[in-house]
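> Required output: the full structure, derived from the provided sequences and hints.
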Amino acid sequence: MDTNLALILVLTPLLGFLVNVFFGKSLGKTVSGAIGTIAVAISFVVSLLLFNQITSTGKGIEVTLFDWIQISNLKINLGFLLDQLSVLWLLFVTGIGSLIHLYSISYMHDDENMHKFFAYLNLFVFFMITLVIGSNLLVLFIGWEGVGLCSYLLIGFWHKNQDYNDAAKKAFIMNRIGDLGLLIGMFIIGSMFSTLDYATLKTAIAGATNLNLPLLSLAALCLFIGACGKSAQIPLYTWLPDAMAGPTPVSALIHAATMVTAGIFMVTRLNFVFDLATDVQSVIAIIGAITSLVAATIGLVQNDIKKVLAYSTVSQLGLMFLALGFGAYEVAVFHVITHAFFKACLFLGSGSVIHGLHGEQDMRNMGGLRKAMPITFWTMLISSLAISGVPFFSGFFSKDEILLTAFHHSIPLYVVGSVASIMTAFYMFRLMFLTFFKEFRGTEEQKHHLHESGSLITIPLIILAILATFGGLISLPGNSWLNGYLAPLFTKVAGEEHHLGPTEYTLMGVAVLGGLLGILIAYVKYFKQDNVPESDENITGLSKVLYNKYYVDEVYDAVFVQPINSLSKFFRDYIETGLSALVFGLGKIANEIAFQGKKLQTGSIGLYLFVFVLGLCAIVSYIFLAQ
Amino acid sequence: MGNILNQIGIENYIFLSVVLFCIGIFGVLYRRNAIIVFMSIEIMLNAVNLLFVAFSTYHQDAQGQVFVFFSMAVAAAEVAVGLAILVSIFRNIGSISIDNLKNLKG
Amino acid sequence: MIHIPDFAHATTIQVIFCFLAFITVITAFLTIFSRNPIHSAIYLVICFFSIAGHYLLLNSQFLAVVHIIVYSGAIMILFLFTIMLMNLNEQREVHRPRITRLGAIVSFCLILIVLIAIFINSKPIVGEYDSTGEDFQSIKVLGKILLDEYMVPFEFASILLLVAMIGTVLLSKKEKLNK
Amino acid sequence: MNVSTILIILLIGAFATYFSGDKLASKVALLFSLAALGCSIVLLNNYNAGENISVINSWINQPKISFALSGDGLGLAMVLLTVALTPIIIFSSFGNEYKNAKGFYGLILFMAFAMAGTFLAADGLLYYIFWELALIPIYFIALIWGNGDAEERRKAVVKFFIYTLAGSLFMLTAFIYLYTKAGSFLIEDLYKVNLSACEQFWVFLAFFLAYAIKIPIIPFHTWQANVYQKAPTVGTMLLSGIMLKMGLYSVLRWQLPLAPIAAKEYMHIFIALGIAGVIYGSIVALRQKDLKKLLAYSSLAHVGLIAAGSYTLTLDGFRGSVMQMIAHGFVVVGLFFAAEVIFRRYETREIGEMGGIRAQSPKFTSMFLILVLASVALPSTFNFVGEFTVLYSLSQINIWFAILGGTTIILGAYYMLRMFQHVMLGETNSKTFADVTLNEGISFAVIIAVLLFFGFYPKPITDLITPSLENILQVINKN
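Going down the list, the protein sequences come from chains A, B, C and D. Using UniProt numbering, read the first sequence as starting at 1 and increasing by one per residue. Using UniProt numbering, read the second sequence as starting at 1 and increasing by one per residue. Using UniProt numbering, read the third sequence as starting at 1 and increasing by one per residue. Using UniProt numbering, read the fourth sequence as starting at 1 and increasing by one per residue.
Honestly, the hints are just simulated from the structure, not real lab data. If you're wondering where the values come from, they're calculated on a predicted model, not measured in any experiment. Be aware that a few hints might be false.
Here are a few chain A residues that face chain C, going by a calculated C-beta distance under 7 Å [to be verified]:
{"#": "1", "residue": "606"}
{"#": "2", "residue": "610"}
{"#": "3", "residue": "613"}
{"#": "4", "residue": "620"}
{"#": "5", "residue": "624"}
Backbone N, C-alpha and C fix where the C-beta goes; we use that ideal spot for every residue, glycine too.
Have a look at this one:
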């Protein structure tokens, strides 16, 4: 029964993918969209069933299908582990996935390759489910690379544009850098404990005496590099903003709600490893905080609506890692969930805007859309309030928990996180004011066509806005359902329950004030004073550095990409030809020797005989006289 | 009859054939005329033959003489063929100076 | 030590040997040095005769006779015929570079010295000569050995001669065909 | 029934193809190659049922050379690779017209015969004969039916021929030396020879030269790219799909067990060489303008990793490299076929002249992409299983080997995706590109099916090869 459920869960999206790949074109756009959506919806239903079962029994389900890879000291099964964590992830992956599929039916309706789009989306959900429910690291790795592949396919969905293809390639390769780290981490863990299976690994670590802690830390660090790649942390974050080249539903699903949280999932999954590697935890916290701040600063000045959201995503992911670094896994998970809601909503909302403006993404050419697109406006506003940490929206609770945790562990990181939060509030409302208020700044023709999107687009928006509003209820401070639900996963006592004392209330107040401050600045700057960001060439000073993302792409290009390319050229033009010449040179030497040796053959018998006599004398005297 | 070598000594035969052999080599190197070169070769062959016979006597063994017999057969064949070749070369290029026979030049 | 014949008390045989050796060496030299090939050939015949004398001295009559027949009789006649055929009675060798002569002399000396040095070096091997008085070189014995022990090589020798004969004929004939 | 049946079928097939005339040749060749495949599957069944399918007949008494073919798991796996790829390769050439087709297809089957013989031979000299025999058909295939300037082609092919031949001579020397010690060329007897460390070093080196050139390991690879480029695609497939594996297989079967002490002593050097090949090949592949050359360098990178895996002298390394050999065999044949499919339509191999194909040919794009992904070892493809195992074994030797070898997954992705982007994506090409025909599609589909199936379920292959690899390991560790 469990096996069947798990298989239905995994294979339905795969089936949807196959149907869409092979018959999508002939089925027509709506049907193929419907098939894709239904496939994911079925998975969602199954997830609900599983969730129900797990909450009632409180025990995880293990499903082993068959042996996969045999390595002398570790045997790797293709198996699934459905426990609290994975089912939680399943719920929002398939749930938000279904909504975004629904949304895409309308959003992608004008695209000739819509069936392909749905095929890829289904494939993505398939791999994401595999990632989440794999019972060992290697099954996770299938999903891990699989979602990377789907991300590649979907970023480059409009494959006629080579810039998009570059972005897709970049995403894939940066992810692969992380994947190498993950692989190495797996190797170390595999050789240390002879297993990659979560459950076995947990008992092995718990029962181990004389653990080689430095080696384990190294493994944890490698795993974290993997997480960095997938979850866009410094130094591997630059692919995510570029990934916005893909269709907006993709950005919402893959690059905001689900795939990028895989790193957090993995770290949470392996919490027992990371708990032992305290040094690595500090690294994670610091990197998380820095990422959060850096991305937020870049987000301040971006003018592309999706870029702002992308940097916001990076920044929020940084916050999640900040929490992970302090061992507050449930807090990070909480933020993952709320973030999934409001960020998906924001992306879909921006998609709605872009759709309404026929592909316009520059906020400088928007404005005044509030009246034309009321539903989009209101849902996005709710989500913006949520992400800014305005009280009683979901983001308030989760972000506050992260900052609280940070405050308890490290004041500097708390400050960094808070500053990032204030900036978040600022740039989100900058986005809102620029997009929805004042007068429309686009062309007349665009203005003429302004309209609210269809119901297939607005319904998901509304649902997500509701979730973004009330999502915080699953983990209220002091009375957290989520913490109790996830408790079986963690070896340590699940975070210290924060007693709501005066410190906590003060901090909460500070956070709220910070968020409001950000909103206020945005209000003053972009509503009161009616500022519109400068056009690209007029940006100067610090903004220019920020606008150009600290030139990180350029630096990477100069430090890694160009040297490799020139090395490649050097190898191709010099080493290759050199080696080739060496081999040919051997032949040439033989030729030359023959050519020179030929001259010895003068044809003069006299000379031959003379040399012969000399040789004879030498040999004979050697034999007879040399003793 | 006693052994003749008791009166002459094998070393004298060796000297003789060494000298003859060297004369042969000298002839080959010194002369350009292919016929004379051939003759020098015959001298060398005979030097060796002589030594064979001397040692045959020395060892009281007929094998050496048998060998000389065969070597004579070979020499006869060689001279016959060699001279035929010379004749045909002479017909073709009108000279038998070995300086002109450099077709083997590399 | 090298055994130097004592001329004062030389036996007849020793005298004959010295005489023959002298003739052999002189005629060999003359063969090489004479400008006219015909003279060369004649000197060579004398040389061969003297070598046959050596054979007789060594008591191998059969070989001596065969030697005279084959060398002086067959081979030298062949030489003479060839020389006459080519009309080589006058000296044709005009150009003989000095380096050639030098080379020839150097090799001559070198090989002579080396060979003699070897001989002197290996002197101890040469000892007294004993004679069992056994007949080992009469025609009868040789014939037996040849047709008994060396039957196959003997036949091969005949084949060799046959082949050489055919080859010679062909070599001479082909030219005519070409022309 | 024993393994010699496969060889007989292939040999008869080669002659039958030659005498069937130009029109029928390709079909006859396909028929015989399929027959060989069927026969090997039957043999595989028998083998799994415990039947002895080896052959030992004495052949020459002095020196003692036997006609010995061993049907163990490893050999059988490699033969299966050969006879499974041969029909695919033959079938993939159906879209081309070859002049003197009977000779062409006859040579293909003959080459398959020689390669299968190499994989099966259990006698040193027999093995050597097969090894060299395989060289002759590819020489003619590349020389006569190749492309590009005839003079350049001749130069490349002759270089390849002489180079590999020269390498093999060292191997022959080593075999003769071993014979003087063992008194027999039979592999079991050779395994029993006890050589001193010094002797082993030279034997090892001699074998290494032969195999390093064949595989190729850098810096002995210079023949590769040019020959791949100049040979007809069928020849390239044979070379890269099967013939390279001869060298890799021989490392496992002959080189390591015959000189175990030297292997243990110097393994780090050779692993490092293999990994250097990985990095070097990947980097050079980045800037190739010719599609087939790019694939050649990618091949160089992959076989470097396989070789490194073999030299780890661990069961994992062996197993991983054998699996990777099979996986790489399939994937590289698929990739070269994709290059050929493009060539049939665009008459070019210059990457710069391609682009924008995807819009016109969705099926071809999907198949090509799957092959590209398989080649960069995406999990769920067979290549991943092999690569993971190899990298794991490397990490057991030294974690740095795994890290450096693992760069293949980054660099590999870089050059393959870059290639894919420039070949397939971008603005729709002005030249029309017809989507794959049924014939082409079948070839692709078979390859992809194999890769995906074993990607999820490699157990049959693991079970097949493990016992014989354990035997080899036992020989290596005997003292």
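> Taking the hints in turn, state whether each one holds.
Hints and how they fare:
1. At its closest, the beta carbon of residue 606 (chain A) sits 6 Å from a beta carbon of chain C; the interface hint therefore holds under the 7 Å criterion.
2. Taking 7 Å as the C-beta contact cut-off toward chain C, the hint placing residue 610 (chain A) at the interface holds, the least distance being around 5 Å.
3. Taken as an interface hint, residue 613 (chain A) checks out: its beta carbon lies about 4 Å from the nearest beta carbon of chain C, inside 7 Å.
4. Taking 7 Å as the C-beta cut-off, the interface hint given for residue 620 (chain A) holds, the closest approach to chain C being about 6 Å.
5. At its closest, the beta carbon of residue 624 (chain A) sits 4 Å from a beta carbon of chain C; the interface hint therefore holds under the 7 Å criterion.
The structure meets every hint from the earlier list without exception.
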